[in-house]
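Participant: Add chains X and H to chain P, keeping to what the hints say.
Taken in order, these protein sequences are the chains called P, X and H.
Residue 110 in this note's numbering is what sits at position 110 of the first sequence, and the numbering runs on without skipping anything.
Residue 59 in this note's numbering is what sits at position 59 of the second sequence, and the numbering runs on without skipping anything.
Residue 488 in this note's numbering is what sits at position 488 of the third sequence, and the numbering runs on without skipping anything.
None of these hints come from the bench; they were simulated from the model.
The beta-carbon is built from N, C-alpha and C at its ideal position, and this holds for glycine as well.
There could be a bad hint or two in this list.
Stated by the list, open to error - Each computed SDA-like pair below joins lysine to any residue, with the alpha-carbon atoms no more than 25 Å apart: (1) X/Lys269 - X/Val257; (2) H/Lys526 - X/Ser90; (3) X/Lys126 - P/Glu95; (4) H/Lys422 - X/Val257; (5) X/Lys85 - H/Val338; (6) P/Lys157 - X/Lys94; (7) H/Lys422 - X/Ala84; (8) X/Lys269 - P/Phe40; (9) X/Lys192 - P/Met99; (10) X/Lys126 - P/Lys157; (11) X/Lys126 - P/Leu24; (12) X/Lys192 - P/Thr175; (13) X/Lys85 - H/Ala295; (14) X/Lys80 - H/Trp429; (15) H/Lys195 - P/Glu95; (16) X/Lys85 - X/Leu75; (17) X/Lys192 - X/Arg125; (18) X/Lys80 - H/Asp503; (19) H/Lys19 - H/Gly492; (20) X/Lys94 - H/Val288; (21) H/Lys19 - H/Asn185.
Said to hold, decoys possible - Partner residues are not named here, just some residues of chain X that face chain P (Cβ under 7 Å, in silico): (22) Asp201; (23) Pro219; (24) Met222.
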Amino acid sequence: MTKGEQPTMDPSDSKKPEPIDRTLAGRLVLLAIAMFGFGFLLVPIYDVFCEITGLGGKTNDVAFTVEESVEQDRTVQLGFVTTVNGYAPWEFSAEVEEMAIHPGGIYEATFIATNLTDEFKTAQAVPSVAPSQAAKYFKKLECFCFTTQEFMPGETKEMPVRFIVESDLPDYIDTITLSYTFFDTARQTDTVAAAGLNTH
Amino acid sequence: MRLPTRPQGEFSMLRKVYLSVLGLLGASRANADWALNMPRGVTRLSAETYDLHMQIFYWCCAIALVVFGVMIYSLIRHRKSVGAKPATFSHSMKAEVIWTTIPIIILLILAVPSARTVIELEDSRKPDMTVVITAYQWRWHYRYTGQDVEFYSSLARTSGDARRLDSGIDPFTVDNYLLDVDNPLVVPVGSKVRLLLTANDVVHSWWVPELAIKKDAIPGFMNETWFKAETVGTYRGQCAELCGMDHGYMPIVVNVVEPQAYAAWLASKQPAATQSAATN
Amino acid sequence: MTSAVMDAHHSEAHHEPAKGIKRWLYATNHKDIGTMYLVLSLVMFLTGGVMALIIRSELFQPGLQFIAPNVFNQMTTMHALVMVFGAVMPAFVGLANWMIPLMIGAPDMALPRMNNWSFWILPFAFLMLVSTFFMPGGAPASGWTMYPPLVLQTGDAFPFLIFSVHLLGISSIMGAINIIVTIVNMRAPDMSLLKMPMFVWTWLITAYLLLAVMPVLAGAVTMLLTDQFFGTSFFLAAGGGDPVMYQHIFWFFGHPEVYILILPAFGVVSEIIPTFARKPLFGHDSMVYAASSIAFLSFIVWAHHMFTVGMPLTGQLFFMFSTMLIAVPTGVKIFNWVATMWRGAMTFETPMLFSLAILFLFTIGGFSGLMLAIVPADIQYHDSYFVVAHFHYVLVPGSVFAIMAAVYYWLPKWTGHMYNEKLGKVHFWLSTVFINVTFFPMHFLGLAGMPRRIPDYSTQFTDFNAIASVGAVGYGLSQLLFVYVVVQCVRGKGEKASSEVWDNPKGLEWTVPSPAPYHTFEVPPKISSSSTFS
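So here's chain P without its partners, still in its complex pose (with noise of 0.2 Å):
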């Protein structure tokens, strides 16, 4: 091999891979092109998933509107827990911890956040149902967490809550527990910021 002369450069390389190779390769492109997309696709996947199952205790998050018969002869426990996430500055609790409900029967249940600081904060409230078998019967008709919730300095919002249990909701659940976790909405721009600025 002559100076300046490279592997790489050879002109004869040039000819090397034939039409067939082309084609399975450029396949291949395709595939593992194709794989990416479909590590996104799992997201919407996974959603569906969750719904049909109740995976992760997600509830809808559009309101719910469906007449049912109620079933008086049968009470169902269901429980109030309100958390607030990473030290967001509010004071968060239900209006009462317990109630006993009538699966399909419409109840209404409050819940009390105080807005701590003296500035302008926005939550957003996130519900998650234990036992998760129960969240997809549980339906809420009217919902804070719908949207996210904005607090004056220093305020007190009461948000009402209005849900079903629906009637089918199996035998072997008497114990339902409706959680909400109060995020700060600015929180997430928040770490941007601190990643940027070499805060560690």
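Facilitator: Leaving out everything else, chains X and H in the frame of chain P:
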């Protein structure tokens, strides 16, 4: 990187080398909590889990005995140095069918009791009480629903002091090093305790081996599990899911006590009681 | 084979390798690229090994001795990333580069320039990854699984972590494409698919697995990146996302990845045992079917890594049963190897010794894997040292031993000289003894309740940790002997190797001289019945 300078550190280093040599020889020593196996635990399900674990372990031993036995026999008899002449066979449908079928049968034998226990684990009906566990970086928060009792549970001070780099404190002098907390979870014996788990920041996992419970605490989500301890005692565990710097320092202590003792403890923890204690 | 390909290689045949650095920078020769992959893998193996030794030193006794907890977490994270993506995967790609063309009678890989590219991405990716140790906030410390939200707490290293994972993925994907195209298009005319050696077969399956799941990992980490910097909420509960979804996507990649790490090892063992048992591989076709079913099953078992996240009952049962099912094809492989040994005439050179150790020790890892499939028991084992013991038993005496067996097996072919058999055997015995001393006690630790990824532990775990640390130091030091044996062989210190090297081995690679010339099989070989086993 620094080397330990304290004298007892060097001593225990030597001690460890000595002990590991002993350990290699299979010698046991007088250490009460030296454990080789999964604890049988103090709930019915932990015992069932233990039995499943042992059952599958014995199956594995049996399979190992057969497979390794055949291999070792072959290694001894079918070596060139003892004059073995190689056979030429390269397939046998009969053999393939046999060693595909037998494992399937063994798996079926194992699958049935396992599935039964899984179904029982998921049965959280009719709990006697509910505790909401919120995991923080790096401590636990317990709240007894309907009781107005809530508190944080963090690594005990004694361990906290000893665990620092170059603390100068020999961990062997600390009781229950890294497995002790300031405020343990207290529950009555024989009660079905339902646990609701969530987290404040990242994913954690609440694990107490003696109760055979491990459940992830996930921010924004509520997970559920339960246990029913049948023996009074103190049971220790740790966070099992990597949750950042001090993941190794958020132990769990569950005190299972007689119902009367539990009632007394609960009363002492009520805000009224705590306040009057503070004013006294 | 069309004449165009042959012409291309005829004209290249007159070329000798370029001199100096250019030979390596512009390398398109499969042997050169294979060598570079193997050298990189050795460097990364030693780097990851040093991290493992730092971990084991800290865990030698209770109390913090050397490093702070956050540095410890960085060590466990980087040890895993370096070993999985830096040591094991490149080593197998290197072996594939060297051996697949030789085993199927091809003059080179099908896409030599892409081959160059897929190698040269790697050193830069790893430089970037290792440089994160010096960044504010330190190296990634969230475990190699990179679970959110914890991984989002990583310091400045975060985007570099994501980008290096992207690069590693691109490199693997290109490598996989190259291997598939080579195997599909460049086999010698008489070599039908079912006549291919097992190493080629397992690599073909592995390459498809890589193509299917590396892009999914790339997708998952891209979502992490956009969650952190571009306001998306794929995994943030606040915006309607779900951190558990990341775990599902990650393990959809992660479980096939486990088989990416072990299938080529199965291939290596299937090459070595017949040679030293002097008997054809038992059940060649059923081995192919077993490997394919393992690959298929690997796509439907992922959630067995997450039995504690809170899954519906049906999900738990499905993933438990599908996971148990994997034991069947894996068992078939083990039984077929034993049947290959049966009534053979075995000798015990170093590659054979390593293969036999794989048969024993990988099986132990397989047993603990079966135990881990049982949901109630897994709830106890999960994230404990039992799991650490399990995956090290399948990865070290499985994958790493297979790589070493392969190196000893083919080193005479690569260098033209025999390695020092006596030292090779010493290396084998030291490795095997110490690997058990290191990892066997970890089973007990996990069962007794020690969680993984902790820098310090309660005093009742002291003895087994001390033993494991002694074993780890012993294993680490034994690998220096491996480096010495390989270097001596490469420097031509051993006796000359014949083209067959071993006692009448089967396979096309043994029909070319030792060392294998720079260009081989420019004319496709005729396959006689004596050159292959099937």
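Participant: Compare the structure with each hint and give your call.
Facilitator: Results of checking the hints against the structure:
Between X/Lys269 and X/Val257 the alpha-carbon distance is near 15 Å, which keeps this suggested pair within the 25 Å criterion. Taken as a hint, the H/Lys526 and X/Ser90 pair is honoured in the structure, with Cα atoms around 23 Å apart against an allowance of 25 Å. Under the criterion of a C-alpha separation no larger than 25 Å, the hint pairing X/Lys126 with P/Glu95 is consistent with the structure, at around 24 Å. Note on H/Lys422 and X/Val257: the hinted pairing is violated, with a Cα-Cα distance of about 63 Å set against a maximum of 25 Å.
Between X/Lys85 and H/Val338 the alpha-carbon distance is near 17 Å, which keeps this suggested pair within the 25 Å criterion. Our distance criterion of 25 Å between C-alpha atoms is broken by P/Lys157 and X/Lys94, whose separation comes to about 75 Å. Of the pairs offered as hints, the one joining H/Lys422 and X/Ala84 holds, with about 24 Å between alpha carbons and a cut-off of 25 Å not exceeded. This hinted pair does not check out: X/Lys269 and P/Phe40 have alpha carbons roughly 49 Å apart, beyond 25 Å.
Between X/Lys192 and P/Met99 the CA atoms are separated by roughly 20 Å; this keeps the pair inside 25 Å, and the hint holds. For a cut-off of 25 Å, the pair hint linking X/Lys126 to P/Lys157 is broken: about 34 Å separates their Cα positions. Simply put, X/Lys126 and P/Leu24 have alpha-carbon atoms about 60 Å apart, too far for the 25 Å limit, and the pair is violated. Straight-line distance between C-alpha atoms of X/Lys192 and P/Thr175 comes to about 13 Å, which keeps the hinted pair within the 25 Å bound.
The hinted pair formed by X/Lys85 and H/Ala295 fails the criterion: a straight-line CA distance of about 36 Å is larger than 25 Å. With a CA separation close to 21 Å, the supplied pair X/Lys80 and H/Trp429 stays within the 25 Å bound. Taking the CA atoms of H/Lys195 and P/Glu95, the gap is near 74 Å; set against the 25 Å cutoff, the hint is violated. Restraint check: the Cα-Cα separation between X/Lys85 and X/Leu75 comes to about 13 Å, which is no more than 25 Å; the hinted pair holds.
Taking the CA atoms of X/Lys192 and X/Arg125, the gap is near 9 Å; set against the 25 Å cutoff, the hint holds. Of the pairs offered as hints, the one joining X/Lys80 and H/Asp503 holds, with about 12 Å between alpha carbons and a cut-off of 25 Å not exceeded. Annotation: proposed proximity of H/Lys19 to H/Gly492 holds, straight-line Cα distance about 20 Å (limit 25 Å). As the CA atoms of X/Lys94 and H/Val288 are separated by approximately 18 Å, the hinted pair is consistent with the 25 Å bound.
Proposed proximity of H/Lys19 and H/Asn185 is contradicted: the alpha carbons are some 31 Å apart, above 25 Å. The closest approach between the C-beta of X/Asp201 and any C-beta of chain P is roughly 6 Å, which is under the 7 Å cut-off, so the hint is satisfied. With a least beta-carbon distance of about 6 Å to chain P, the hint placing X/Pro219 at the interface is held under the 7 Å criterion. For X/Met222, the suggested interface contact is upheld, since its CB lies about 4 Å from the closest CB of chain P, less than 7 Å.
Checked against the numbered hints above, the structure breaks hints 4, 6, 8, 10, 11, 13, 15 and 21 and satisfies the rest.
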